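Once you've looked at the hints, dock chain B against the given chain A.
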Amino acid sequence: MSLLEVKNLKKIYTTRFGANQVQALSNISFSIDEGEYVAIMGESGSGKTTLLNILASLDKPTSGEVLLNGKNIVSIKEKQISAFRRDNLGFVFQDFNLLDTFSVKDNIFLPLVLAGKKYDEMQKILEPIAVKLSITDILNKFPYEISGGQKQRTAVARALITNPQIVLADEPTGALDSRSTDGLLRIFDQINKNGQTILMVTHSTKAASHAKRVLFLRDGEVFHQLYKMSMTTDEMYGKISDTLTMLMAGDRKNA
Amino acid sequence: MRKLYWRIAAINIKKNGKLYFPYILTCILTVMMFYIMCSLQTNPGLSKLPGSDALKAIMVLACIIIAIFAGIFLFYTNSFLIKGRKKEFGLYNILGMGKRHIARVFSIETLYVGISSIVVGLGTGFLFDKLAILLLCKLLKFNIPFGFYISKIGIILSVIVFAAIFFLILLWNLKQVHFSKPIELLYGGNHGEKEPKTKWVLALFGFITLGTGYTIAIITEKPLSALGLFFIAVLLVIIGTYCLFIAGSIVFLKALRKNKNYYYKTNHFISVSGMMYRMKQNAAGLASICILSTMVLVMLSTTISLYFGMEDALRKQYPRDIEINAGTIGEQDAAAMGDALDSLIEQSCIKTKNLVKYRYANQTLLRDGDAFYPVNNHDVSGEETATIFITVDEYNRIQGKSDRLNNNEVIIYTPNNEYSFSDACFSELKYTIKTKIDSLNVEEYYSLQFMDVMYFIVPIEQDIYDIVYQDKNIVEWNTMRYYYGIDVDDTEEKQIELANKISEYMNNYQTKESPDAFWYTSSVAQNKNDFLAIYGGLFFMGIFLGVLFIMATVLIMYYKQITEGYDDRKRFDIMQKVGMCKSDVRKSIRSQVLIVFFMPLVAAGIHIAFAFKMITRLLLVLNLTNTTLFALCMLGTFVLFALLYTLVYLMTAKVYYKIVE
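From first to last, the protein sequence lines are chains A and B. Take my numbering: the last position of the first sequence gets the number 261, and nothing is skipped along the way. Take my numbering: the last position of the second sequence gets the number 801, and nothing is skipped along the way.
You can take every hint at face value.
Label pairs and their calculated CB-CB ranges:
{"no.": "1", "chain 1": "B", "residue 1": "339", "chain 2": "A", "residue 2": "140", "range": "32 to 38 Å"}
{"no.": "2", "chain 1": "B", "residue 1": "407", "chain 2": "A", "residue 2": "18", "range": "36 to 42 Å"}
{"no.": "3", "chain 1": "A", "residue 1": "89", "chain 2": "B", "residue 2": "392", "range": "29 to 35 Å"}
{"no.": "4", "chain 1": "B", "residue 1": "334", "chain 2": "A", "residue 2": "137", "range": "26 to 32 Å"}
Chain A regions said to be covered by chain B (calculated; three or more residues, Cβ under 8 Å):
{"no.": "5", "region": "78–92"}
{"no.": "6", "region": "96–105"}
{"no.": "7", "region": "114–120"}
Because the hints were derived from the structure by calculation, they are not lab data. This structure is a prediction, so every number in the text was calculated from the model and none was measured. Note that beta-carbon positions come from the ideal geometry of N, C-alpha and C, so glycine has one too.
With the rest of the complex left out, here is chain A (with noise of 0.2 Å):
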């Protein structure tokens, strides 16, 4: 059985007074396996956030189901909905969402925390991890004093410290120079190598090529899908910017 299945979900806002609809997505259906890695790709508008926003349960779809281990989580109750995003889901967003109030170290505990575990307990689950993503150093420094691709790591180690059934990840190389951005690939190969299940959306061709599978979203609906399968990186980054091309080329003759 697949760790995520997303059934017919379709999402259509409405404007404030109710004279226009917008449909963000119009009938998704996919599954993501436990120990995948996977990329959605798509030009503005296609629906990437909407649909990671369902994923996270943060939105309501309109129809449609999205099953984590079999559990429904559309139907999850408003007053659980919190702990279960807090117990299953972890996230890294583009623009890191750490809070300056908060050391690195208590950024990366705030889950932990609002999940009322004990001092000691946190840790010794943080020891491993900041190794990991080599934030050792930074463990007392504040948001404003170190930089953006270790502020990524902070946010990942946040995300990890759950242990997650799935990491969301929203454009997290988005706000990143080329050397953070191949750092931070670098480590969601480690992770996802130790098996951890990650489902990144990106307009990023390089970070889509790091995936096991790429998904394309055109006009809420998906498009096309790339496996890796026996791919170097670099074979599938041209095979995806082939695709980006192809597209495109859609795009045109369609208009």
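Relative to chain A, chain B alone:
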């Protein structure tokens, strides 16, 4: 092109209504209040008021306070406005508007705000001026002549003062724009917020100053020394409040954070760290709210209790309705004066009672144990004591007794202190205390509240001379005096009639043997107007400034809530994404906001609790002895203020929640 600037300025103000509207409203109200105070001073109707000089002095003081306060306060609120709008100016700058053009937009905006608030402020001032006069006259129990009065001086002064304030604010704003880079302006709103530093020294300093201020307030017993010390204590407490709010809060929160078992709990984790940043941003503002609230409370409670305790105070100062007090008068003359007054009153056919007349001497001496020294003797340190000397004959007459005193024997009466010695020494003169009595029929007279008082009943008048002249170089001395006091058992009109008759008579009165004799007459009814003018005026000023300060508090709170809201919105958004549920977020917001906003009120409450004793001592100087009245007034104003504060909080909190969610 020209028109464009005017339009941009107008649109800016409209668009930023949430920030600008309260600001303009405050400007209008301050202009109005300033104008009303100025106009009251020049109002011809009020100059006819008895005691108008004292009243005018109070008004001038209030005017100056309002002007200074308006300056500081408008500057302060303006800083909120500018902070919120930096991004906007950065954008203009990037879109190709030069700093010169921004300056022009700024000037036009200031012109709009300035002119509209001065014009509307004066307009409302004209209207409410009448209301203020009615209130004042009600307080002063005076009938105001009808009519509508517009003060030219008031208008001119208001325009000058507020034009100057707005001009200074404009200069400051222009300086801000001029010295900043566009990118900084664009991101002015969100600099990476640095963690506040621990300022141990400042916290300790605050602790010490506040402690010293409180200690002074508690241990000061003597009303006269309280007068001077009060301002020192107030200053210390103000400094201490600011230091503790700014540094002490951070030190405290950091200590909490160090305690890992406490800190890493869901509730504490978020509130402690959140509070730290809140305090960093708001400490000065909160300390200001605290000081302002304390000022309002003290001012209102003292002026209210003075006003309502006025009858008491009047009685303390003038124990009898009509009093004649003569100095440097011989024994024969005194007796003759008393008889003359007796017959005059009898002829007037006005009902009287409680007649007291006696001959005495009074002198302020320094008491050190059982030894008394002249006040100008700087070699000894003693307690300033008011001493009153009466011969045993006079004493027997007043008390209806027939006591006898041997040489060097005295009877003493100490209404407000303990005297546990068996002797009393005036330089070489030593008197043995025969008895201590615990009441004297003249007690009401000279019952000073702010000094120790001692009555000495001595054998003969020569003793008084010996004691009073113990040092021939004495500067401050009084020879024998004569007191004649009587109550009128009739209406106030009758009292004034009799008082006028007596003072007319006394103006032409001649003494036979004492050429330097002088005397003055007083009546409660006549003095009441002066008291009313002063106490009513103070009360009026208390209400007036109280309203002003409350308004300031409200506005500061409003701006705080808004700026807080914008800062917090992002923070709580992140927390929700990481797995904090909405109800937890709301709970956390509520507890933090509650602590932040009610801390000043609680601190103000503590301040006035410590100040209570000292203020009662100060009120003694003003002859207000009714501590219960004062306590009730203080409690009442505090409760009222707390209610108002809560109301304002609830209203502004609504705005805050709207922003955050």
